[in-house]
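Based on these hints, arrange chain F with the ligands on the given structure of chain Y.
These protein sequence lines map, in sequence, to chains Y and F.
Residue numbering for the first sequence is 1 to 369, as defined by the numbering used here.
Residue numbering for the second sequence is 1 to 300, as defined by the numbering used here.
What the hints contain is simulated information worked out from the structure, not anything from laboratory work.
Treat the hints with caution; some may be incorrect.
Stated by the list, open to error - A short, non-exhaustive set of chain F residues, derived as facing chain Y with CB atoms under 8 Å: (1) Asp52; (2) Gly186; (3) Pro188; (4) Leu191; (5) Arg196; (6) Leu197; (7) Gly199; (8) Ile209; (9) Pro212; (10) Pro216.
Said to hold, decoys possible - Here are the in silico distance ranges between beta carbons for each label pair: (11) Ile128/F x Arg103/Y: 35 to 43 Å; (12) Lys122/F x Pro268/Y: 53 to 61 Å; (13) Gln142/F x Gly21/Y: 20 to 28 Å; (14) Lys122/F x Glu220/Y: 48 to 56 Å.
Even glycine gets a Cβ: it sits at the ideal position worked out from N, Cα and C.
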Amino acid sequence: MANLIIEQVKKRYGTTEVLKGIDISIKAGEFLILVGPSGCGKSTLMNAIAGLDDVSEGRIMIADRDVTYADPKDRDIAMVFQSYALYPNMTVEENISFGLEMRKVPKEERDVEVKRVSEMLQIDHLLSRKPAHLSGGQRQRVAMGRALARRPQLYLFDEPLSNLDAKLRVEMRTEIKKLHQKLGTTIVYVTHDQIEAMTLADRIAVMKDGEVQQLGSPQEIYDNPANLFVAGFMGSPAMNFIPANVVSTDNGVMLELATKTPTLLPFPKKEALNAYLGKEILLGLRPEMITEPQHHKEGLEFVVKSHVNVEVTEPMGADTMVITRITDSEINCRCHPAYPAAPGSDIELMFDTSKAVAFDKNTGERIDL
Amino acid sequence: MTSANTMNSNSSRRQKTPLEHILRVALYICLLGMAAVYLMPFLVMFLTSLKDVEEIRSGTLLSLPGSLNFDAWVKAWGGACTGSSCNGIAPFFINSFQIVIPAVLISTIIGALNGYVISMWKFKGSDIFFGALLIGCFIPFQVILLPMARTLGWLGIANTTTGLVFVHVVYGVAFTTLFFRNFYQGIPSDLIKAARLDGAGFFTIFRRIILPISTPIIVVTIIWQFTQIWNDFLFGVAFSGFDTQPVTVALNNLVNTSFGGKEYNVDMAAAILAALPTLLVYVLAGKYFVRGLTAGAVKG
Ligand SMILES: Nc1ncnc2c1ncn2[C@@H]1O[C@H](COP(=O)(O)OP(=O)(O)O)[C@@H](O)[C@H]1O
Ligand SMILES: [Mg+2]
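If we strip away everything but chain Y, and leave its shape as in the complex, we get (with noise of 0.2 Å):
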């Protein structure tokens, strides 16, 4: 167990900089999952975290202690690659325990270590086998039970399920977490799936170009995303982005949609848009706000009814999408299956906007923070 700090630190090749100063600070047992698309850096960060490239800039913590220019193998932390990284001329025994022997562990302990990784993996029926006469899943496991092995302070993961089938991933997913709780060590972990980064994290970090755009709690990404990117980036569908008016009415600052006749929708953070008065803004409503009439809301203080006109509907059988348009921008509602939405079609729909948030339209900084 150990805390992780990574202090400005900056990767370049050559003339690029592929990490401009990213800032994480993590406590001992928090499991951190980096987020971003591809080409953002995630990789490059792990490497620098595990020593296997040097840091052009900065420092890197572990545990309290200084380890910006430890070798990998004194940094005391584990690697699963997307690659999984099997040595395919060793058995499954063997990969696990090469770690362990490389430490000078004697091998009867090294024997009981691959006994309960294996157990624990359920993988102690191909101990004997080589990588390549093994499953996708199965290697995955292997590589994770090479991680598992030598009880690090820190274990990384980079992508460790992509190469997985949807099922197998979902369920790895689960093991992932009962194992952590389990553990309880530090993990850092990369994905680009956001379904993945809100399940198994206790903080997400938004990378975008080698820069950290947001680092909180899944929760906070989620509701308070800081700018346009985390906000489009986590979720699925994602955020609707609206464009609306910041209009001065009786009832205070309102924004207007430009429905068919105009909606007007109170906003929580009145103030923060008085400096926005008569310009356009991006209103952001995650698409579970805009729904059928509900009549449990009915007369909320954020809540306001508003008719719109159905482009398409994608049925997901919990929920059916409703797929609209304001201002040449799609839409995306979430509506009960049972809600009468036929493509074409004038229906009703309720806005709630009491977790709103509003974004500048150049910037797409958040304004109501």
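Then chain F with the ligands, alone, in the frame of chain Y:
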């Protein structure tokens, strides 16, 4: 392997049209013809080596020997004169092995290490280093004769077996490095990263992980180097002393040394003997050679 198998089973399952039959027969005739062209010289050599001088003079190239007569082989091996000595090519066989075995092993080991470093432990300028090494593959033998002679003299190993081993290692490293580097290029770098995190060092990774998966390319390199060095004539003739001559040089001397009539049968037998080791290497390891050349990245 698998793809070749599926291709075969596909084509045999399907009925062939008459045209395909004709084309197939034509293909085999073509192949047999080519094989004959390549085998003909060897056949002539072999037949000639079994005849005696009288038969050679009276018969044609392809006429069969009157009796199975291995006298020429015995003489080529143990009694023919090469320059001033008349002990056949046997002693030079031993010379050749004394040159080839260390030269092949050393150049292969150095090539493996070079390839390992160049593809997996990139350092500043490693690409330039590799580029410079590559040029070594294109330098003609003749170019380095004089500088090498000076170097060998300066090192005090001129005219010795050690000197020849040295020359062949220096010249071979460019090729062996290229082979290993290309092979290692296909090995995922994550493998090295994983091993480093497991606590393994430079040589441990090489010995425990990289070497065990290098068998195909080791076989290729050894066959290539063995053939090159065994068949080398120029370095042999330029840098060997009288008692360190490789078999190729001895063969040349044998053919050029004649008292009275030319003994073509002995010449042919000696030539076949000198070629046998490379032939054997191909027969024994040929399939690994092909497999190694076509082997791609190591599948986890
Ligand atoms: N060795 C390298 N030399 C130059 N650029 C690199 C190198 N490694 C990675 N990069 C660049 O750094 C960026 C981040 O890569 P990476 O960390 O692998 O992204 P991610 O894992 O988030 O997909 C990419 O644009 C990539 O092209
Ligand atoms: Mg990556």
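Problem set entry | Hint status (Cβ of Pro188/F to nearest Cβ of chain Y, threshold 8 Å) | This interface hint holds because 6 Å falls under the 8 Å limit.
For this session: With chain Y as the partner, please determine if Leu197/F meets the hint condition of a C-beta pair closer than 8 Å.
Result: OK, holds: Leu197/F within 8 Å of chain Y, min 5 Å.
For this session: Using the Cβ atoms, figure out if Gln142/F sits within 20 to 28 Å of Gly21/Y.
Result: Cβ of Gln142/F to Cβ of Gly21/Y: about 58 Å, so the range 20 to 28 Å is violated.
For this session: Indicate whether the distance between the beta carbons of Lys122/F and Pro268/Y respects the range 53 to 61 Å.
Result: holds (54 Å)
Exercise. Close enough to count: is the Cβ of Pro212/F nearer than 8 Å to one in chain Y?
Worked result: holds (4 Å)
Exercise. Do the numbers back the hint for Gly199/F, that is, is its least Cβ distance to chain Y under 8 Å?
Worked result: Holds, because the Cβ-Cβ distance from Gly199/F to chain Y comes to roughly 4 Å (cut-off 8 Å).
Exercise. Is the hint on Gly186/F kept, meaning its closest Cβ partner in chain Y is under 8 Å away?
Worked result: Gly186/F check fails; min Cβ-Cβ to chain Y is 12 Å, beyond 8 Å.
Exercise. Would the hint on Ile209/F stand, with a C-beta cut-off of 8 Å toward chain Y?
Worked result: holds (5 Å)
Exercise. Can Arg196/F be said to touch chain Y, with a Cβ gap under 8 Å?
Worked result: holds (5 Å)
Exercise. Does Pro216/F pass the interface check with chain Y, least Cβ-Cβ distance below 8 Å?
Worked result: Violated - the Cβ of Pro216/F stays beyond 8 Å from chain Y, reaching only about 13 Å at its closest.
Exercise. Taking 35 to 43 Å as the hint, is the beta-carbon distance of Ile128/F and Arg103/Y inside that range?
Worked result: holds (37 Å)
Problem set entry | Asp52/F as an interface hint toward chain Y, with CB separation required under 8 Å | violated (56 Å)
In summary, the structure is inconsistent with hints 1, 2, 10, 13, 14 from the numbered list given earlier, while agreeing with the others.
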